[in-house]
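Protein chains: 2
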Amino acid sequence: MAQSSPMKIALVGIGKIARDQHVPSIAASPDWQLAATVSRNHSINGTESFRDVETMLEARPDIEVVSLCMPPASRFAYAIASIAAGRHVMLEKPPGATISECLQLKAKAQEARVSIFATWHSRQAPQVAAAKMWLKDKRLHRLSVTWKEDVRRWHPGQDWIWEPGGFGVFDPGINALSILTEIVPDPVQLKGALLQFPANRQTPIAASLTFRHPHADDVCALFDWGEEGDQIWTIEAETSEGHMLLSGGGAELAIDGNKLPTPDQSGDPLNGEYPRLYARMAELVRTGAIDMDIAPLALVADAMLLGRRIAVEPFYA
Amino acid sequence: MAQSSPMKIALVGIGKIARDQHVPSIAASPDWQLAATVSRNHSINGTESFRDVETMLEARPDIEVVSLCMPPASRFAYAIASIAAGRHVMLEKPPGATISECLQLKAKAQEARVSIFATWHSRQAPQVAAAKMWLKDKRLHRLSVTWKEDVRRWHPGQDWIWEPGGFGVFDPGINALSILTEIVPDPVQLKGALLQFPANRQTPIAASLTFRHPHADDVCALFDWGEEGDQIWTIEAETSEGHMLLSGGGAELAIDGNKLPTPDQSGDPLNGEYPRLYARMAELVRTGAIDMDIAPLALVADAMLLGRRIAVEPFYA
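Line by line, the protein sequences are chains A and B. The numbering of the first sequence is my numbering, which starts it at 1 and goes up by one. The numbering of the second sequence is my numbering, which starts it at 1 and goes up by one.
If we strip away everything but chain A, and leave its shape as in the complex, we get (with noise of 0.2 Å):
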């Protein structure tokens, strides 16, 4: 798949996700080459680095893809400008604060004839496709997501998410729905949900939701952000012809109980997440191809949309 002249790409936000996935996946691939980095205070050694998008835009028309991996907030600006300039465009999730901007990033990308790519890193966890291609063709019976973990341990001190916009319980609930709606042949639609909101707070930390499916009796998941326990990130599904465990965030697969072999990872710097979202990138840009799949942030808006809300109990950090 590796073309003799890598494709020179941007890379806007350069934090701690930047610096732990983006570089190392972009370095390892023969598709891409780093050639500018766009941040306010930080910069990658040996790269030119800008401090607004505005700039390198206009400093380096040989630049033909920017990846935004800043926070969602100002991102729709920065792609947006990205697109008017001609330049493809890959997004982090969620591809926008908002319905209407990702709407709007897919129209303008549409009429610029530029690609763009809303990534969903949790679907290229190494399971997620043996999981779909099994449930392919088999009729779903029921289907349960599970997903609790502890706010304190992976958002120690982090306020934001309690914050109008912030997502709360969602931020790794929206990770599970993009693995639902990428494993389940058949679209569901959200037909109800519960969302606790602590007293003090703004965004919910849990919600258990539930699903339509045109012949699942059951289709549900429950959303937990106050597990101190085991952290639990599963998807559990019972269908015509068995039963499938998807654990650990779609990193192992069992089948009636039976764990499947994990794809081997760790010889191949290619592998992994993040490689595969920007080789996925790359057939885009060749193909002159969009790829801007909205569900996971549909379903959340959803959820706050029609959503019972409870009181519960202030969370404190």
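Hints were generated in silico from the structure; no laboratory data involved. A couple of the hints might just be wrong.
Every beta carbon over 12 Å from chain A, so not counted as near; a handful from chain B, in silico [as the list claims (entries may be wrong)]:
(1) 19
(2) 152
(3) 165
(4) 314
Residues from chain A that face chain B, not an exhaustive set, calculated with beta carbons under 10 Å [as the list claims (entries may be wrong)]:
(5) 100
(6) 104
(7) 135
(8) 202
Pairwise CB distance ranges (calculated) [to be verified]:
(9) A:16 x B:313: 40 to 46 Å
(10) A:220 x B:73: 16 to 22 Å
(11) B:73 x A:158: 34 to 40 Å
(12) B:217 x A:263: 50 to 56 Å
(13) A:254 x B:220: 51 to 57 Å
(14) B:73 x A:229: 34 to 40 Å
(15) A:291 x B:262: 44 to 50 Å
We put the CB at the ideal spot given by N, CA and C, even for glycine.
Based on the hints, put chain B in the right spot on chain A.
Quick look at chain B alone, frame taken from chain A:
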């Protein structure tokens, strides 16, 4: 625009809006022939009636178009069934109970190559088209939407509006948003919202929204369902070339204080909001087009997704 043989249409959901608007609009148009109704309890004299949509679709393959005007909760299943049977679909506002439903209906209609029309009747109010035309070539500086009405007067005893998914003040507010998204040349995105929830209710009684726009400084909306005095439905804009006031929910338009003549609708039975919706549907079917703009619903979902909630005094009917 009339063609020799009218298209056969089925009307699903025979409530007040069907009798007051849909039936007379269909009857007055040379484009349409009301061929059947679907309703559990009601029928229209002289028209074949069915109790469920599947039976109608099976019995009447000659009916090309299905117009759905029952409550949003059951609309999705009926729309899916109609599309699967190869019929064109017209939807009362809002086009779905959730964003997911709307996105999926559009995708299904595209797959099945049938027309689908998400109607927004307020966009057909007498002066909306003139307001859009006037704003088209002006530079927008400021815009404010004010929608203040008395919920007790317009929705006496309707408890569902206060239940999860009942929209609350966004039930009228979405009409304002449908006009806003129609007349403003560049699309807006929701920046923030303040939502007032009565302490004993699940939906907001008031909301103030702020929007981002490519060049206007200040675009905002104020929705209030507790207005017992004058009922106000206005959109006011300041531009590079004067001031625009659209009032009466789109019925009247004034530029720099001078009221424009309202197009006379009294003499023409094909004029008015619903006749214009049916004329547009006829055009969509003839040209094989889709008009599924979910921007107004997306803004409501966005407000619920990132709005700041405050509790206000309990509401009793």
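Here is how each hint holds up against the structure:
| no. | hint | in the structure |
| --- | --- | --- |
| 1 | 19 | holds (28 Å) |
| 2 | 152 | holds (23 Å) |
| 3 | 165 | violated (3 Å) |
| 4 | 314 | holds (14 Å) |
| 5 | 100 | holds (5 Å) |
| 6 | 104 | holds (5 Å) |
| 7 | 135 | violated (18 Å) |
| 8 | 202 | holds (6 Å) |
| 9 | A:16 x B:313: 40 to 46 Å | holds (44 Å) |
| 10 | A:220 x B:73: 16 to 22 Å | holds (19 Å) |
| 11 | B:73 x A:158: 34 to 40 Å | holds (37 Å) |
| 12 | B:217 x A:263: 50 to 56 Å | holds (53 Å) |
| 13 | A:254 x B:220: 51 to 57 Å | holds (53 Å) |
| 14 | B:73 x A:229: 34 to 40 Å | holds (38 Å) |
| 15 | A:291 x B:262: 44 to 50 Å | holds (47 Å) |
When each numbered hint is compared with the structure, violations occur for hints 3 and 7.
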